[in-house]
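Listed in order, the protein sequences are those of chains F and A. The first sequence maps to residues 0 to 116 in numbering that gives the first Met the number 0. The second sequence maps to residues 0 to 249 in numbering that gives the first Met the number 0.
Bear in mind the hints are in silico, worked out from the structure with no lab data behind them. From a predicted model like this one, the values you see are computed outputs, not experimental measurements. Here a beta-carbon is modelled for each residue, glycine too, at the ideal position from N, C-alpha and C. Among the hints, a few may not be true.
[Stated by the list, open to error] One side of the interface only, derived from the structure: several residues of chain F facing chain A at Cβ under 8 Å: (1) Val38; (2) Gly69; (3) Glu70; (4) Phe82; (5) Tyr92.
[As the list claims (entries may be wrong)] Calculated from the model, a selection of chain F residues having no Cβ within reach of chain A, i.e. all distances over 12 Å: (6) Thr28; (7) Glu109; (8) Arg110.
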Amino acid sequence: MSNEALDREVAASDSGYRYAEVQQSTEFTDLRRRFRRFVFPLTALFMAWYFLYVLLSSFAVDFMSTKVFGEINVGLIFGLLQFVSTFAITVIYVRWANRHFDPAAEALRERMEGSAQ
Amino acid sequence: MSTVTSAMLPAATNVGSPGLNIAIFALFVVITLAIVIRASRNNRTAADYYAGGRAFSGRQNGIAIAGDYLSAASFLGIAGAIAVNGYDGFLYSIGFLVAWLVALLLVAELLRNTGRFTMADVLSFRLRQRPVRVAAAISTLVVSFFYLLAQMAGAGGLVALLLGVEARVGQSVVIAVVGVIMVGYVLIGGMKGTTWVQIIKATMLIIGAFVMTVWVLALYGFNLSAVLAGAVQASPKGEAILGPGLQYGA
Numbered sequence: 000m001s002n003e004a005l006d007r008e009v010a011a012s013d014s015g016y017r018y019a020e021v022q023q024s025t026e027f028t029d030l031r032r033r034f035r036r037f038v039f040p041l042t043a044l045f046m047a048w049y050f051l052y053v054l055l056s057s058f059a060v061d062f063m064s065t066k067v068f069g070e071i072n073v074g075l076i077f078g079l080l081q082f083v084s085t086f087a088i089t090v091i092y093v094r095w096a097n098r099h100f101d102p103a104a105e106a107l108r109e110r111m112e113g114s115a116q
Numbered sequence: 000m001s002t003v004t005s006a007m008l009p010a011a012t013n014v015g016s017p018g019l020n021i022a023i024f025a026l027f028v029v030i031t032l033a034i035v036i037r038a039s040r041n042n043r044t045a046a047d048y049y050a051g052g053r054a055f056s057g058r059q060n061g062i063a064i065a066g067d068y069l070s071a072a073s074f075l076g077i078a079g080a081i082a083v084n085g086y087d088g089f090l091y092s093i094g095f096l097v098a099w100l101v102a103l104l105l106v107a108e109l110l111r112n113t114g115r116f117t118m119a120d121v122l123s124f125r126l127r128q129r130p131v132r133v134a135a136a137i138s139t140l141v142v143s144f145f146y147l148l149a150q151m152a153g154a155g156g157l158v159a160l161l162l163g164v165e166a167r168v169g170q171s172v173v174i175a176v177v178g179v180i181m182v183g184y185v186l187i188g189g190m191k192g193t194t195w196v197q198i199i200k201a202t203m204l205i206i207g208a209f210v211m212t213v214w215v216l217a218l219y220g221f222n223l224s225a226v227l228a229g230a231v232q233a234s235p236k237g238e239a240i241l242g243p244g245l246q247y248g249a
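Whole structure, please, built from the sequences with the hints as guidance.
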């Protein structure tokens, strides 16, 4: 399907001016603020944690090569903790989206499409 | 290419008989092509072709995306980087993992909200169609070209090793045939067909990697420290492979 056809489809289902109306509504701005308030700090957190790891690996070679037990050194533990944090953030995000964000977004969508008919 | 691949072949590697390897490869292609053709029978609308009719569950799509990531470049390249550079290969691979969070947190929800199929559809949603589509098409082609260059070099090395094709012309022919098969998958099956192929591939690779992991650990009495000690012994770089600094760093 071409983009023009898609646009016609969109235009047929919701008239264009309603987008601006919804975009300025308090429900939508509130929803967007909630999304950003959750996602931006989490992004800053994992970026800082990851760059700490990369910078330590680049500039603190002796520290990262320190053996903790057997042949396992600090760098290996740091690397494995990156796996732990990545999976943890994914689980936290999915839970938040399922419990809080998606229901709110769904409700807003239904109200929007319901009042268009 | 030929000097690279011959350098990639260790002297005394046992890779089985080329005939058996070709048979397994051909069997895999036949089975997956059959699935793609079956899946493509009900591709009717654009949503069927680009989004698999939106019939896949989140879990299925997740496995398929994992299959995309477990490509020749990552599956063989990362293993090779760790084998040669030790810790720095591991460090390199973590970037791939953490980068997923950018897509998850900053892109996924917003992309889904637009209800579009391709990157160009999303970008031209509110912008002027033609320049945005030209830019999106050019950047897609450039990225795909250099990405495929690495993938195909990996495929060539693998083919040379498993099928015993040593000649440069022979390798080029095999790479071209593999490329034509890949294009065929997408053209015939659309997103539904390719998603199924990726699900099968990801499942097989994850099971294979899991079996190899348990196997290697078992050889060293399920002691990770002993595995690393064995790696130090086997590596020409010795103790240095356990710490950072062989490839990156100041």
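A closest beta-carbon separation below 8 Å is what the hint needs, so does Tyr92(F) meet it against chain A? 6 Å, holds
Taking 8 Å as the limit, does the beta-carbon of Phe82(F) come near enough to a beta-carbon in chain A? 7 Å, holds
At 12 Å, judged by beta carbons, does Thr28(F) keep clear of chain A as stated? 15 Å, holds
Beyond 12 Å from every Cβ of chain A: is that where the Cβ of Arg110(F) lies? Correct as stated: the minimum Cβ-Cβ distance to chain A is 16 Å, above 12 Å.
Does the CB of Glu70(F) sit less than 8 Å away from some CB of chain A? 4 Å, holds
For the restraint on Val38(F), tell me whether the closest CB of chain A is nearer than 8 Å. 5 Å, holds
Verify that the Cβ of Glu109(F) lies farther than 12 Å from every Cβ atom of chain A, and report whether the claim holds or is violated. Nearest chain A Cβ is 15 Å from Glu109(F), so the label holds.
Regarding the hint that Gly69(F) lies at the interface with chain A, is the smallest CB-CB distance below 8 Å? 3 Å, holds
Checked against the numbered hints listed earlier, the structure breaks none of them; every hint is satisfied.
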